[in-house]
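**Student:** Read off the chains here:
Number of protein chains: 4
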Amino acid sequence: MSNNLLKGKRGIIFGALNEQSIAWKVAEKAHEQGATFVLTNAPIAMRMGEINDLAEKTGSKVIPADATSVEDLETLISGAMEELGGPLDFILHSIGMSVNVRKGRHYTDENYDFTMKGLDVSALSFHKVMQTAMKLDAMNEWGSILALSYIAAQRVFPDYNDMADNKAYLESIARSFGYHYGEKKKVRVNTISQSPTMTTAGSGVKGFNEFISFSEKMSPLGNADGDACADYCVAMFSDLTKYVTMQNLYHDGGFSNTGVTQEVIEKFS
Amino acid sequence: MSNNLLKGKRGIIFGALNEQSIAWKVAEKAHEQGATFVLTNAPIAMRMGEINDLAEKTGSKVIPADATSVEDLETLISGAMEELGGPLDFILHSIGMSVNVRKGRHYTDENYDFTMKGLDVSALSFHKVMQTAMKLDAMNEWGSILALSYIAAQRVFPDYNDMADNKAYLESIARSFGYHYGEKKKVRVNTISQSPTMTTAGSGVKGFNEFISFSEKMSPLGNADGDACADYCVAMFSDLTKYVTMQNLYHDGGFSNTGVTQEVIEKFS
Amino acid sequence: MSNNLLKGKRGIIFGALNEQSIAWKVAEKAHEQGATFVLTNAPIAMRMGEINDLAEKTGSKVIPADATSVEDLETLISGAMEELGGPLDFILHSIGMSVNVRKGRHYTDENYDFTMKGLDVSALSFHKVMQTAMKLDAMNEWGSILALSYIAAQRVFPDYNDMADNKAYLESIARSFGYHYGEKKKVRVNTISQSPTMTTAGSGVKGFNEFISFSEKMSPLGNADGDACADYCVAMFSDLTKYVTMQNLYHDGGFSNTGVTQEVIEKFS
Amino acid sequence: MSNNLLKGKRGIIFGALNEQSIAWKVAEKAHEQGATFVLTNAPIAMRMGEINDLAEKTGSKVIPADATSVEDLETLISGAMEELGGPLDFILHSIGMSVNVRKGRHYTDENYDFTMKGLDVSALSFHKVMQTAMKLDAMNEWGSILALSYIAAQRVFPDYNDMADNKAYLESIARSFGYHYGEKKKVRVNTISQSPTMTTAGSGVKGFNEFISFSEKMSPLGNADGDACADYCVAMFSDLTKYVTMQNLYHDGGFSNTGVTQEVIEKFS
Numbered sequence: 001m002s003n004n005l006l007k008g009k010r011g012i013i014f015g016a017l018n019e020q021s022i023a024w025k026v027a028e029k030a031h032e033q034g035a036t037f038v039l040t041n042a043p044i045a046m047r048m049g050e051i052n053d054l055a056e057k058t059g060s061k062v063i064p065a066d067a068t069s070v071e072d073l074e075t076l077i078s079g080a081m082e083e084l085g086g087p088l089d090f091i092l093h094s095i096g097m098s099v100n101v102r103k104g105r106h107y108t109d110e111n112y113d114f115t116m117k118g119l120d121v122s123a124l125s126f127h128k129v130m131q132t133a134m135k136l137d138a139m140n141e142w143g144s145i146l147a148l149s150y151i152a153a154q155r156v157f158p159d160y161n162d163m164a165d166n167k168a169y170l171e172s173i174a175r176s177f178g179y180h181y182g183e184k185k186k187v188r189v190n191t192i193s194q195s196p197t198m199t200t201a202g203s204g205v206k207g208f209n210e211f212i213s214f215s216e217k218m219s220p221l222g223n224a225d226g227d228a229c230a231d232y233c234v235a236m237f238s239d240l241t242k243y244v245t246m247q248n249l250y251h252d253g254g255f256s257n258t259g260v261t262q263e264v265i266e267k268f269s
Numbered sequence: 001m002s003n004n005l006l007k008g009k010r011g012i013i014f015g016a017l018n019e020q021s022i023a024w025k026v027a028e029k030a031h032e033q034g035a036t037f038v039l040t041n042a043p044i045a046m047r048m049g050e051i052n053d054l055a056e057k058t059g060s061k062v063i064p065a066d067a068t069s070v071e072d073l074e075t076l077i078s079g080a081m082e083e084l085g086g087p088l089d090f091i092l093h094s095i096g097m098s099v100n101v102r103k104g105r106h107y108t109d110e111n112y113d114f115t116m117k118g119l120d121v122s123a124l125s126f127h128k129v130m131q132t133a134m135k136l137d138a139m140n141e142w143g144s145i146l147a148l149s150y151i152a153a154q155r156v157f158p159d160y161n162d163m164a165d166n167k168a169y170l171e172s173i174a175r176s177f178g179y180h181y182g183e184k185k186k187v188r189v190n191t192i193s194q195s196p197t198m199t200t201a202g203s204g205v206k207g208f209n210e211f212i213s214f215s216e217k218m219s220p221l222g223n224a225d226g227d228a229c230a231d232y233c234v235a236m237f238s239d240l241t242k243y244v245t246m247q248n249l250y251h252d253g254g255f256s257n258t259g260v261t262q263e264v265i266e267k268f269s
Numbered sequence: 001m002s003n004n005l006l007k008g009k010r011g012i013i014f015g016a017l018n019e020q021s022i023a024w025k026v027a028e029k030a031h032e033q034g035a036t037f038v039l040t041n042a043p044i045a046m047r048m049g050e051i052n053d054l055a056e057k058t059g060s061k062v063i064p065a066d067a068t069s070v071e072d073l074e075t076l077i078s079g080a081m082e083e084l085g086g087p088l089d090f091i092l093h094s095i096g097m098s099v100n101v102r103k104g105r106h107y108t109d110e111n112y113d114f115t116m117k118g119l120d121v122s123a124l125s126f127h128k129v130m131q132t133a134m135k136l137d138a139m140n141e142w143g144s145i146l147a148l149s150y151i152a153a154q155r156v157f158p159d160y161n162d163m164a165d166n167k168a169y170l171e172s173i174a175r176s177f178g179y180h181y182g183e184k185k186k187v188r189v190n191t192i193s194q195s196p197t198m199t200t201a202g203s204g205v206k207g208f209n210e211f212i213s214f215s216e217k218m219s220p221l222g223n224a225d226g227d228a229c230a231d232y233c234v235a236m237f238s239d240l241t242k243y244v245t246m247q248n249l250y251h252d253g254g255f256s257n258t259g260v261t262q263e264v265i266e267k268f269s
Numbered sequence: 001m002s003n004n005l006l007k008g009k010r011g012i013i014f015g016a017l018n019e020q021s022i023a024w025k026v027a028e029k030a031h032e033q034g035a036t037f038v039l040t041n042a043p044i045a046m047r048m049g050e051i052n053d054l055a056e057k058t059g060s061k062v063i064p065a066d067a068t069s070v071e072d073l074e075t076l077i078s079g080a081m082e083e084l085g086g087p088l089d090f091i092l093h094s095i096g097m098s099v100n101v102r103k104g105r106h107y108t109d110e111n112y113d114f115t116m117k118g119l120d121v122s123a124l125s126f127h128k129v130m131q132t133a134m135k136l137d138a139m140n141e142w143g144s145i146l147a148l149s150y151i152a153a154q155r156v157f158p159d160y161n162d163m164a165d166n167k168a169y170l171e172s173i174a175r176s177f178g179y180h181y182g183e184k185k186k187v188r189v190n191t192i193s194q195s196p197t198m199t200t201a202g203s204g205v206k207g208f209n210e211f212i213s214f215s216e217k218m219s220p221l222g223n224a225d226g227d228a229c230a231d232y233c234v235a236m237f238s239d240l241t242k243y244v245t246m247q248n249l250y251h252d253g254g255f256s257n258t259g260v261t262q263e264v265i266e267k268f269s
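Residue numbers (our numbering), protein chains in the order written: chain X, 1 to 269; chain R, 1 to 269; chain L, 1 to 269; chain D, 1 to 269.
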C-alpha cells in the first residue's frame, strides 16, 4: 500500500541481486511509495542476478558499478543524477562479502589479502560512495543514506568471521561521515542492524540455518524479515526521520536487548 | 501533509499540556495521519493546560488520569477502548517531573521522599500503564508503545539531577516490559531519546538556555525540535517499524555520537 | 597471596551474609591485601548470617545498619571512621533484593509497594550511602566506591524481574554520583557487572541453575566466580585504577560481548 | 612501588618510542612489578626513538619488527619466548598511525591507499600479532593481551579522522579474537580506551592542545595521564582481572559518561 512517503525523491540502490535481497524489496517498496531511483550492482554480481526484471518492474535504469572503484562510482552517481533529473535524496548500501568466509578460512587463520579485499567491498566502499557523492555535490539537503549492518559488529557470532570487523568499520564510517555530511549538507547517515535474513549472501555462512533458528527464539517478536526491513528503510528515507543520524538502528524483533528467553533457557534444563 | 500512515489506528496520548508539548504535536500529527485517540493528563496538569483546545481540534475525548494511580489508569484505558470502539494500537507516554529539581535540591542532597515521588511519576507510571493495558487486554497485536526519554540516562548532565536515574529506570522498563509484551501479544515498546526541547517541562531546569545552546552546537544537524519528534513518533506508531522493539532511539541530530564539534572546540583555544 | 595492594586503606563492606557472598570474599581478600574495614549488614540479615566469624577472621568490627535508613548510615559511617581511625578509601555495596521476586509476582503483575521497597533496598540505598558519606566528608581523595550489578540492566533475562530495573537505576546512580564525587573529592564510583553467581541471593531466583549453565556456555572463559570477582574488586580499590570512574565494568568471562557460542548453537541443530 | 603483581610473568611490549610513550611507562611499571619482557618497535620508529635506554633500564632485549609483517612477528614472538625462557603471559599493542592524517587529507577526501596502510598498521596488526601468537602457541593460559584505543571508536572527534574507523576495527578484533583465544586457551583480550595523552603520536593531531583542554574539562577526574594508564595496564596483566575479556575499558577520568560539565556549559552562557 502506498502512502506516497517518498514521492518526488530520487535515489540509488546498491545490492539487489534477486528476490531474496533486502535491496530488491527496498526497491519495490520505494517504487510503491513514489520514489525514482537507479539500481546498481557489481558487474559480476549482475551476471548472476535478475536485476533487469526489477528494473523493468520499477521503471528504473541499471548502472553497473564496482563499489570499490571510485571511478565507477563517479560514473554511477553522475549517471544517476542525469537519469533522475537532479540530485539524490537517498542511497542504500547493501553490500557485503568476506573472502575469508568464502574460502573457508577460520577467523584465527585469516589470509590478510582476503581480509583487505573483504573490507574494501563490505565497508570501505561505503566511504567511497559518500566521498564521491559529496565531491559531486550529489545529495539534496536532508537526504538520507543507509547501510545494512549486523549485530556481530557489537558481539561475537563465531561463524560470522571477519565480517564482524567489517561491520564495525562500516558502522564507524556511518558515524564519521555522518558527522561531516550533517555539518556540510544536513544529510543523515545511519546503519540498520538487521536480523539474520535468508538471502543469497546469508545462506553462504556456515551453520546459518541453526543460527536463524537460535536468533528467532531469542527475539521476542521473532526475526525481522526482508519485507519488514524494507519498510523500515522507507521510514528512514522519508521525512519522518530527519533528525536521526549517525545511529546504528536495531531492526531485529528485540534480539539485541534480550539476554535470554524462556524457550532458549529450556534447552539447558 | 497526510500519508494516512495511521489510518484506522486507535491510541492514548499522555502529557499534552500546551502547544509546546511534544505530546501536543504528536496528537496533531497523529490526527492528520488518520488516527483516533484519547488525550489524557493528570487532573492538576489539566487545570494549567489548554488540552481542551487540542481535543476539539483533533476530535478527541479527554479522560483525566493520574498516571501513578492504577485505578485511574484502568478507568482511562477502559474508557478509551469504549470511546474509540476497540483495542488500542498505540500509546505515547510523555510524562516526567522531579520534585528534587522543583524544590531546588542538589543531586547530592536529595530528599528521598521527593526522589520516590519523581520516580513514580516519571518512570514507574510507564510500567503501570503497560501492566494495566496488558491486564485489560487493551492492545492490538503489533501495537506500538512509546515513552520519551533523554540521553541523561546514559551520560551525566549535572543539572538534570535525579531525572537521569528516572530515565534510566524508564528505559529499563521499556526493555523489560517490551520483552513480555512482545512475547505475549507482538506489541513493541521503545523509548525515544529526544534532543533537549524548549517545553514547559524543560524550561524549569536550571541553566536550560545555555544547555540548549551547547546541545545545538554539539549536534551536526542541530537539535531536533518538537515537530520533528512528533514525525518520528508517527513513524514509530506506523506499520513501517513493526520489528523495532526494546530500543532506546536517539532522535537528536547526531548529538549522541558526537564527541566534539569544531564549533565547541574553538571555545577552548 | 598478598601484594599489599590495599595497605593502609580503610573501608566499609556491605552485604557479607555467608561464605558464598561475594562481599565475604572481598572482605577476606581486602584483609589479605592489608586493608582494614568495618563490616555491615541489615540487622535482619545478620541474624541469618555468620558475619561474626568473618569479623573475627579479618579483625573487623561489625556495625549493623539498614542501608535504606539514612540515620543508620550516619551511625555506620561515623562509627567506621572512628573505629578505623580516619576517613575511608573504599566502600563495597553488595545489596539487592526484590520483594516481587520473593513473593512470586510476575514482572507483568507487579505489586508496586513491593517494587518501591525493592528499589529502595537494591538501588536507592547506594545513593543514600554516598550522600551520607559526602555529607560526613567520610572519603579520602582518590577513594573508590563499588556496587555489584548484573547485565540485566542492559538486556532482558525474564526471571530477573524488576531487579533489572533496579540495577539500571543503580548503574545510573553510579554515573550521576560519580560525576559529583569526582568533581568534588576525586572519588571514583563504578559498578561491576558480575557473572551470575551461586550465592544465597542468586539461588532464590527461579530457574537459576539452568541460567547459570546457559551463562557458562555463553562465556568464552566460563562464568566468573565469586573469588575472581573479589580479586577484581581489590584491583578496583587499589591505586592501579585511579582514573576509572562512572563505569559499569563487565566481569563475566566475555558473556556480555558474545552473541552466541558453538556450544549453544549446537542445541539448535 | 612494587607489589610483585607481575612476578614471573613474561611479555612483549609494542610501541615504546620515547619517555612520553604509554608503552614506555608500561615497560617501566611492568619491570618494577617483576615482569620480564621483550621490547619491540618498527625498525623505522626505532631509529627515531630511545628504546635502547629503556631496554637497559629494564633489562630487556629489543627485537625490531614491522607489526604488519607476519614474518617479522613470527621472528619476534619466537625470539621472545626463547629470550624469556617460555611462553608469554602478556602483550601490549600500542601502535597507531594514519597516513591520511600525516598527509593532511580531510576525512571526506581520503586517499584510499593511505586509508588501507593506516588500517594495517593501526588495527590489522593487532590481529596479526594474535594470529601469529596462537599459531606458535606462544601464550600461557590466562594470559592477557591489551591494545590501546580511543573513544573516537564510538563518537566523532572530527580531527581524529580515519583513526576513528581504525580504532573501531581494532576494538572489534579484540572482541572477535578474544572469543577464540578465550575458548581455546583461556587468554583474555581487551582494549583500553585512554584519555587523550600528550605523546609523540598524539601531538601530531591538528588542534590537539585545544582538544586536551576540552577533554580535561569534560572529565570529572581530569584526563588520565600515561602513568595512570600504565598502572591500569599492570592491573589488567595481573591475576586480579582474569575474567575480564572482550571488553573496551574506559580509562578516562569519567569523560565517556559525562554529557557536559559545569565548566563547559559556562562557555555557552
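Just so you know, the hints here were simulated from the structure itself, not pulled from any lab data. Hints may contain errors.
Which copy is meant is left open, so a pair is good if it fits within one copy or across any two.
Said to hold, decoys possible - With a Cα cut of at most 25 Å, we get these calculated PhoX-like pairs of lysine-lysine: (1) K184 to K117; (2) K103 to K135; (3) K117 to K103; (4) K103 to K186.
**Student:** The structure should be examined with respect to each hint, and the outcome stated for every one.
**Tutor:** Going down the list of hints, with the structure as the test:
For a Cα distance limit of 25 Å, the shortest separation of K184 from K117 qualifies neither inside one copy, at 31 Å, nor across copies, at 28 Å. Taking CA atoms no more than 25 Å apart as the test, K103 paired with K135 passes between copies only; the shortest distance there is 19 Å, against 36 Å inside one copy. For the homomeric pair K117 and K103, the shortest alpha-carbon distances inside one copy (13 Å) and between copies (24 Å) are both at most 25 Å. Taking the shortest Cα distances, K103 and K186 never come within 25 Å of each other, neither inside one copy (41 Å) nor across copies (28 Å).
Checked against the numbered hints listed earlier, the structure breaks hints 1 and 4; every other hint is satisfied.
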